Structures are given as C-alpha cells and as structure tokens.
Amino acid sequence: MSKQSFTVLGKDTQRQDGTAKVTGREKYSSDLVLPNMLHARILKSPYPHARITSIDVSKVNTDVVTTLVPEEIPDIVFCPRLVSVPSSTYKDWKVLSDKPRYVGEAVAAVAAETEEEAQTALEKITVEYDQYSAVFDAKESMKEGAFPIHTEIELADEVIKVDNNIACSLDVEEGDTEKGFLECDHIIEHTYRTNRRYHTQMETKSVLVRPEADGGVTVWSTTQTLHNTRILLHEVFGIPMGKIRVIKVPLGGSFGSSIQVNPPTLIAVALALKAQRPVRLSYTREEDLHAHCSYQMIFNLKLGAMADGTLHAGHLDAWLDIGGHQIQAYPLLGCVVGWWVSLYKLSHKSYHGKAVYTNKVPSCAFRGYGNPQITWVVETMMDELAHKVGMDPVDFRLKNYIGEGDLFWGQGPSVKSIIESCGVEEILTTGAQLSGWYDRPKAENQTGRFRTGIGMGRGYHTSSAGAPVPGSVVDFGGAMLKLNEDGTFDYVSALMDHGGGTMDANAKIIAEEMNVPHYMVNIVDADTGTTVYDVCTHASRGIYSGGGAALKVAGQVKEKIRQAAARSLDAYSHALRFKWSEKQQQAIVYAPGIEGSQITLKDLANEMRYKNLGTIAAIDSYRQPSCPPHFTGYFVEVEIDTWSGQVRLVKVIAGADIGTVINPKLAMGQIHGGFSQGWSMTVNEDTPYDIESGDLLNHGFMADYKIPTPLDMPDLEAFHVFFADTYEPTGPFGAKGIGEGALNPVAGAIANAIQNAIGAQFFELPITKDKILAALREKEE
Amino acid sequence: MTNINKFNTHIISKPFTYHQPETVEEAVNLLHKQSEVKILAGGTDLIPKMKQRLFNPKHIINLKKIPSLKGIKETERGIWIGATTKLRDIEKSKLVKEKIPLQYQCVKTIGSVQIRNMGTLGGNVCNASPAADGALGLIALNATIHITGINGERDVAVEDFFRGPGESVLGKDELVTGFTVPAPEEATGFHFISIGRMALDISTISVAVTVTLREGEVSDSRICLGSVAPVPLRLKKVEGYLMGKELRVDVITEAAERVSAGIKPIDDLRASAEYRREAAKGLMMEALYMAKRKAEAN
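If you're matching them up, the sequences are chains P and V in order. Counted from 1, the first sequence has number 389 at position 389 by the numbering used here; the numbering is strictly sequential. Counted from 1, the second sequence has number 1238 at position 238 by the numbering used here; the numbering is strictly sequential.
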C-alpha cells in the first residue's frame, strides 16, 4: 500500500480532556463522591505466609460499621485477568484470603461513615494466624522442602496440583538446538537477574460502588478493561450481567497494573452488597505498593553464532518470580519466549520457562510485559557476541534482525503473523549517524575521573495481540459512531485512555476518514451497557486495534451518509465526494461539477430527523489481522563518575517505527516516558524484601522508592527523537502502537553504554552506583 | 516492626489538640504546660510521621503565626535566620547567597521546590536527621542555635546540638528560635556535594567543607559529612591533619582516605556502608579541590 497524505493525522492537536486535566477538574475514581457513601478499609496480612485460624469482629460496632470476612463472600476461585482463553487461565485467587501468601494480602474489610471511623474499626478486628515458613526467591521456592504456597489451583475449571511451587511451565523447541550449538563458532552463556519494580502510576487503585435496588451494582473503578471487570463480577457474585454497569472513569496511569481487576473492586462490591450503601475504597500509596509490581526474572541465555556473524542457535531458561498469586503467568511464559525469538533469527532455538510462586506481592504486567527484561539480556549479549565475532554491534544486529517479510510471534507461540512494515534499518543507521556511533569511546583508552560511553539497544513490541487465526489470547474490540444533528460525530468505545491520548488518536482517525477537523469528533463517556466488548487496553493495542475498530465504523457511517445524501441530492452514492468547509464549519457531501448538488452533514442529519429517517450510526466489533511490531532503538551517551559511581545521561538518540504518526508530540512523550522508566529500571528501581518480617524493606513508603523526575533526565535539547518513514498496511491509516516499544530496549542500551565506558559487564539489575563503584575497584585490583 | 494495619496515610488517625501561639513566650509556656507535644513548623517531616503513626502527639503547636521566628537579617554576629524561615526563602535570599553561599548550596537541593516551599530550616535541624543537609552547612559554617526555654535563653553550637537520629539537646520546654551564621573569614573556600538515588532524594551521603588559607596553607577548616553516622558528623582529626598544609594532590588524597577511614556508615536502602566509605573519598576530594579553588579566588 502506498503512503497517503493526511489532513488531520500527523499534526499536533489538543487533547479533548486536556483542559480538565491541567486545571484539575478531571475526576478520578478516588475523587468521586455519592450521597450516603461509606469509606472502606482493608485489613492486610502482616505475615508473608499464614493460615487464619480465627477472625473476631465482635469489638467492632456493627450498628455503624459494615465488616467483611472471607466466609461472607461466594467461595469462588478466580483469575483476575480475563485476556486469555480458559485453557491458559490459571485460577488461584479469592476476594479475601483465609491463607494469605504475602504481606499486604487482604483478609478482611470494613466500611464506615468516615475514613477515620473505618480505620478505628479495622484496628478492632482480631485475627489469629498459624504462620508458615515463607520464601522470597524463585530458585529457593522450587527447592525440596520449601513450604507449599499453593497445593491445588484451577485450570479450565479442573482442579490441578501444584508441585515444588511451580505455578506453570512452558517448553518450546524449533530445530535441533543441541546440533545447532555444535555448528556454532562462537557461543556465549550467562545467567541474569532482573529487578522487581513498582508501577508508580499516579493514581492508586480505587473504586466506588453503588448497589442498585434491583440487586445490581454500578462500578467506577481504576481499570484498563470495563468489560472484563463486568464478566469477573458476574462470575464471582452471580449478578446477571445486565445489572452490572461498569462506568468508564479517567485513569490516572496504569502501566499494565490494571489489566487484571484489582482486588479493591471485588472487595468494595462485596461491602456495598452487604451494606446496601455506596462504598468507596481507595488504596493508600503504601497499600498500592503492596498490591502490584513487575515480574522479577532469572534468565540463563546461551547464544551461538557462526564465524561470519550469522546467529545460529539459542537456548533460554527462564524462571519468573510471580509472587503469591497468578495473574497471567502462563501467557507470560509464552510471551517471554516470543519476545526473545522475534528479535533475531535463530535456526535452532529452545526454551524452558517456569513461573514460580514466592511469598511476595503478586507480579503483573508492567509496560512491556517481560519484554524489557528479556531485551535487556539479549541486547547485552548481542554486544558481547558481536565483539567475539569481530563485528560492530550495529552491523551485527543489522545482519540478524527479524524484519519485513519474516515470521513473527512476539505475543507467544499461538500468535503468529508476517511482518509487513519495518523501520529497523532506518532506526539503526540514522541512530548510529546521529550518535557518532562509529567513533564511540573505548573503555581501555580512558583514564581519569569521568568516563564516557555510548551504547545502543534495539527492540520492539507488538501492537496488540492480533493474528490471522485465533490463538490463546483474546484480542478484539469495537466502536460506535453516530452523526449528530449539528454535523459532529459521537465516538463511543470501551477502550481506556491511560493518559497517552489513545482516545484522541482514534477520534482523529475517524476525523481523517470523515474529512472533518479533529474537534468535530466527540469522545463520549461510556460504560459496559453502551459499548460492545473490548478485551482490554493493553499490549500497545489502543491505536492499532482500537483505531482499527474506529476506522471500521467510520467507513460504515461514511457509506450510510453517502446513501442518505444520494437520496437527498438525487445523485449516485458512489459518485459523491466529501469536503470540509472552513467557513461553514461543516463537512459537505457533493456531486462534483453539479451546481447546487451539495448538502452539509448538519442539514442531512436534520433532514433525516424531520422526515423520520433515523440516525446515521454504526456499531461493530473488529478483530485485527496481525499484531505488527513497532520497532524502537536507542543510542545513549553516558558519563560515569568513577569517584561516586553515578551515571549521568549526556545524550539520547531515540528512533521509532510506529507507522503513520498520529500525534507527534504525544508519540514523543511516550518515548520520553518510556526512556525515563527504562533509565530507572537500569540504574535505580527495586523492591527488596526483609526476610525477617517478610515485608518490603521500604514498607511501601515512597521515601524509599524513588523514580526519576525531569531533573534526572537529559536536557530536552540532548534528547532527540525521530520517526522512521514507514506505513503499516494492516493498520488504521498505516499506524502502529508505541507505548511499550518506547521502553523495551532502554535497559539494554544504557547497560551497553555503561559497559562501553568502564569495560565492566553487569548481570543483575539495577546497575546501582554501588555496583558500578565495586566493579571499578575490582578492575583496579 | 511497622504494623501494616496501624497506619493509613490518607489521614492522621489519632486526634490531637491544635495550638497556635503568637509569641515565643506563649509557645514556650505551652511546651512547659502540655505533655506529648510536637512542634509544627513546615510539617514536611512531622505530618508524614504522624500519618505513619511514628509520632502520636496529643498536642500540636504551630509556630507559623509567630512573626519573630521568621526572617533573614544581618547582625553584628553574622547572618541571623529565623527558625521558621522557609528553605525556599533561604535559597532565594541575596544575603545568604552573598555572605554564606555554602548555606545556599546546602539548602537548594533539599527535597523539591514544593518541599522547600513548606519546610523550614528549624525543622530541618530539629528533626535531627543524620541526613539533614541544612544542618551540615550550619556545622561547617560554625553556626550557633538560639534556644528559648521556660528558664530563659541559651546558645548552642550547631555541631553540639545532635545526640542521635531524631535526638538533640533541646529540652522538653525549649524552642529553637533561630540561627546565627558568622560570615566566613577572607580567603575561605567552601563546597557542598550530596549524592542521592535520584535528584529528589534524601542524601545517601553528603559533604560540606570550609577551608581558610593563609599564605597558601590551611589555617582553618571544617569537614562535615551527612548520612555516615547517627548524627551529622564533623571530622576534627582530618581538620587537624590539614592544618598548616598546602592543599596539594597528595594532601587532598590523604585527607580523603582519612575521611573514608574515619566514618562508620551503615547499610540501608539508599546504599551499602561499603559504598558510602568509597564514595566519601571521592566526594571529599571534589569538595576539597573546589573549596581550595574558591578560597584562592576569595
């Protein structure tokens, strides 16, 4: 497909929610208030592994306080994430646990007139526990004699046994790896360990629930999925789905932490049903830090290349520390191998993945869903292997990358498609040129206090989890579009904007199709009753999949407009054209060359109203045929202070292939944000545990969980972003995603820059100043 | 152990009586009369600690309505800074920047702008954190704390004020009213550096030094480190070593080695003890080089 010129796309436009956001008028779940509303608090397990022997609420004045204990909730075992088919969905959760598996797990709850009263009531509940031994490391957890964290869980409604705390596992082999390695001239093998990061989304998990007179509930919650929230509430509480309304509320960031339905939603529904009054539950920041984090992964990677620099064989062992419960461990095992094998061509490859329970906060998706972790490992090893082969690292990558025309299965073995657009070469060659790559410093030539290094890393993420045939991942969405009586359009969708401007992008796709400016398409608030199913806004699918659905209904509405205008103008529908009149602020449908044969959309809609011909509207579902990778690459220059071990960012060159760019500034914002998170992942963040108490060492306090601010980023002038000139044939107007690809290669690029500066390799994240200083001292000795 | 169910940072769980005196005398009388009292200046340390239930005072005495506790002015003894003067006001003060630029350097990296708009120098010092950068500058500048109690006023050198983390020599019914910072002698150089995990962080380790040179030799110096001991630390032995010496590379390196050997840091979430010992060396070298350069320019 050839490139098109656009009138709306590719230009910076103001977000429709921009004014509300910058003036503080936007209301989030935790801001919402209803008459007669109760405030809820959860009682959390202070132990990392225990069984409750008794809960005594008798000291609470239950005339004014509603209490909730595990046996009051339907005894349903569930998985809070409903994105995969049943055969990939392992269930081990209950709304309140009688066997807490991490410090912070909710075991009881209260609702009272004020937050103060709720807190006082909470402290009057007495819980007796039998404590069990706990384990805080995936490898330790699998050892003989480790206390079982779960014994029985459910898969596709069958009860299955858990052995050695292994939640699930996945083995994949293509070719003959053993033979493949025998054919290699160069082989490298290392073990790597990543950190465990907290999402630090601005808004903590919050929910407001109103019980309805008909037995139903209305829910305003922090979520990435309205429809899956409704399905889960139906599964757990047995309320007919038509009586559950989940209303879209602006989301104060998420980064993947609300793909699953967060515990507060289920707890607040149970409280509201019992109290028969509205209940709001909003986590404190400390509770939120005890509620979700990224997956810590241990990898053993072995890669082999031929003498000419052709990658040939690879083997990956992966151990995923999932914490106390499964959210999406099995699908993740598939993605980890998918991310890995879709970076570079390997004739022979094999993989053993294990997801392991530990007594820690349950891990969940965090921007990139395992991709930043494995890409750090692969990109670090690619530099080392390039050195061994005797090739420049950029040239080595250009020789081996998976690109246009290649088979691609980033989202795991069941989600395969062919790549139809690829900007890798442009990203790498432009990046190399802009960063001065081929003249980069060498560690061995540097002395003195400050050492500089340039490193690069490349990667990608899938735009959605679509494919030509169904796999184990559910991925489709939908949209509704109608023409209003003033010539504007209402766009309704269950998609969630996490803050990146997804909904605005899709409104612009509609505007482009309709030949109107972006402000003629209104983004209308929605809920489960007014939208068709959309799986979840995750997997960087908002524009590719959500925009695909928007474009599909826009096409249908456009055709209906043609039909109606043809009738009105006495013209042939297929001969009619659309144009925008700046003066009238109206789109006009006209028959070319025929004087007077034209009508504005406003007049058309009103004519139809007066003649009782109905509303022009379309509603439909859309399944995208692929999940095209959006490619990214970073060239990062750092300066290391050998006196303090501090790494300073000097310059960042970022290239991204996202197909058609819809909103350049917002897309660049994604890249800046992704880089910032990746920078912090590389040198800063972690959530270590105190194995004595079983709690997080920082107890959930942000004073000891730092993330970067603008002060830690390079100056804007030193952060250069460019977009590759590509067009994705299967995407809406050629567009792909960006959210996750913006982060995935960052850690590899920075780690390689550090290695370039001081000649030391690191196999554990984060690469803190402590580790850098220790490595420098070791080199000296 | 922190009980995970015993705090809720949305609220201050325990009720308290709020007092708002308008004079120092009134405030001191309240301190004398009431027990389980906490003083509120900027609140940036107090309020989080109350929310976390680390402090559960029955009485809160707000000092913000006492005009005499606020301000920056030049006196015969030096620069006077009122206890409830906002850190941001100190950062923006021309007087501070000109006369005691080290204090400006120390204050301007505390927290964020938002925090400096709330926090006060008195609070920074009275909180008695070993990581208090504001206190570090005052020690290096040989400042005095002015204290008013029920039995009258007294002055204490800032370096003698601290007893341990969160502990000071301040009596139960005493109030810090302000600080006097003597203007440094001529040919005095200074420097402050701190390292954090990210820019907005409590110091992992910090260093403040002043060096006075006479005919190229050190005639006076003060070497202070934060976050390496239970209190902000002054290393008199290193100062003694520097006395009468030219600040040559070998002298600076030796002083840095002695600093590293002279501190007893601990492991915490911010860094390991080993790191602090290593980084102290580098920080001290940089601080002494910079102080020397400034001393030579003055």
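Treat the hints with care, since some could be wrong.
Partial list, derived from the structure: chain V residues whose beta carbon lies under 7 Å from chain P [to be verified]:
(1) H1010
(2) S1013
(3) L1095
(4) Y1275
(5) E1278
Mimicking BS3-like on lysine-lysine, the simulated pairs with C-alpha atoms at most 30 Å apart in a straight line are [to be verified]:
(6) V/K1038 x P/K21
(7) P/K27 x V/K1049
(8) V/K1094 x P/K771
(9) P/K388 x P/K665
(10) V/K1294 x P/K124
(11) P/K771 x V/K1092
(12) V/K1094 x V/K1294
(13) V/K1014 x P/K274
(14) P/K416 x P/K11
(15) P/K124 x V/K1281
(16) V/K1033 x V/K1014
(17) P/K602 x P/K11
(18) V/K1108 x P/K124
(19) V/K1049 x P/K59
(20) V/K1006 x P/K274
(21) P/K302 x P/K124
(22) P/K27 x V/K1051
(23) P/K59 x V/K1058
(24) V/K1033 x P/K779
(25) V/K1033 x P/K27
(26) P/K99 x V/K1006
(27) V/K1281 x P/K59
(28) P/K11 x P/K21
(29) V/K1236 x V/K1264
(30) P/K611 x P/K11
(31) V/K1294 x P/K59
(32) P/K611 x P/K579
(33) V/K1014 x P/K771
(34) V/K1070 x V/K1051
(35) V/K1070 x V/K1049
(36) V/K1264 x V/K1092
(37) P/K779 x V/K1014
Okay, the calculated beta carbon distance ranges per label pair [as the list claims (entries may be wrong)]:
(38) P/A703 x V/E1074: 51 to 61 Å
(39) V/A1183 x P/R648: 44 to 54 Å
(40) P/V22 x V/T1017: 36 to 46 Å
Just so you know, the hints here were simulated from the structure itself, not pulled from any lab data. On a predicted model such as this, the values are computed, not experimentally measured, just so you know. Just so it is clear, CB atoms sit at the ideal spot from N, CA and C, and this is done for glycine as well.
Evaluated hints:
1. H1010: Holds. Min distance 6 Å.
2. S1013: The hint holds - V/S1013 has a Cβ within 7 Å of chain P, the shortest such distance being about 5 Å.
3. L1095: Given a least distance of 26 Å, the restraint on V/L1095 is violated.
4. Y1275: holds, 4 Å
5. E1278: Holds, because the Cβ-Cβ distance from V/E1278 to chain P comes to roughly 5 Å (cut-off 7 Å).
6. V/K1038 x P/K21: violated, 37 Å
7. P/K27 x V/K1049: holds, 29 Å
8. V/K1094 x P/K771: With a Cα-Cα distance of about 41 Å, the restraint between V/K1094 and P/K771 is violated, given a limit of 30 Å.
9. P/K388 x P/K665: Roughly 40 Å separates the two Cα atoms, so the pair is violated.
10. V/K1294 x P/K124: Answer violated: V/K1294 to P/K124 is near 61 Å, above 30 Å.
11. P/K771 x V/K1092: violated, 37 Å
12. V/K1094 x V/K1294: holds, 19 Å
13. V/K1014 x P/K274: Since the Cα atoms of V/K1014 and P/K274 sit roughly 28 Å apart, the hinted pair holds (cutoff 30 Å).
14. P/K416 x P/K11: violated, 33 Å
15. P/K124 x V/K1281: violated, 52 Å
16. V/K1033 x V/K1014: At roughly 21 Å apart (the allowed maximum being 30 Å), V/K1014 and V/K1033 satisfy the hint.
17. P/K602 x P/K11: Holds. P/K602 to P/K11 sits at ~26 Å (cutoff 30 Å).
18. V/K1108 x P/K124: Cα-Cα ~45 Å, so violated.
19. V/K1049 x P/K59: Holds, at roughly 28 Å.
20. V/K1006 x P/K274: Holds, because 25 Å separates the two Cα atoms, which is no more than 30 Å.
21. P/K302 x P/K124: violated, 55 Å
22. P/K27 x V/K1051: The given pair, whose Cα atoms are some 25 Å apart, holds under the 30 Å limit.
23. P/K59 x V/K1058: OK: P/K59 and V/K1058 at ~25 Å, within 30 Å.
24. V/K1033 x P/K779: Cα-Cα ~62 Å, so violated.
25. V/K1033 x P/K27: violated, 46 Å
26. P/K99 x V/K1006: holds, 21 Å
27. V/K1281 x P/K59: violated, 58 Å
28. P/K11 x P/K21: holds, 21 Å
29. V/K1236 x V/K1264: holds, 15 Å
30. P/K611 x P/K11: violated, 39 Å
31. V/K1294 x P/K59: violated, 67 Å
32. P/K611 x P/K579: holds, 25 Å
33. V/K1014 x P/K771: violated, 42 Å
34. V/K1070 x V/K1051: holds, 27 Å
35. V/K1070 x V/K1049: It holds: about 24 Å lies between the C-alpha atoms, which stays within 30 Å.
36. V/K1264 x V/K1092: Given pair V/K1264, V/K1092 is violated - Cα atoms ~35 Å apart, limit 30 Å.
37. P/K779 x V/K1014: With Cα atoms ~54 Å apart, P/K779 and V/K1014 exceed 30 Å; violated.
38. P/A703 x V/E1074: 51 to 61 Å: Violated, since P/A703 and V/E1074 (Cβ atoms, about 36 Å apart) do not stay within the stated range.
39. V/A1183 x P/R648: 44 to 54 Å: Once the Cβ atoms are compared, 34 Å apart, the range 44 to 54 Å for P/R648 and V/A1183 is violated.
40. P/V22 x V/T1017: 36 to 46 Å: Distance hint for P/V22, V/T1017 holds at roughly 39 Å.
Against the hints set out earlier in the document, violations occur for numbers 3, 6, 8, 9, 10, 11, 14, 15, 18, 21, 24, 25, 27, 30, 31, 33, 36, 37, 38, 39.
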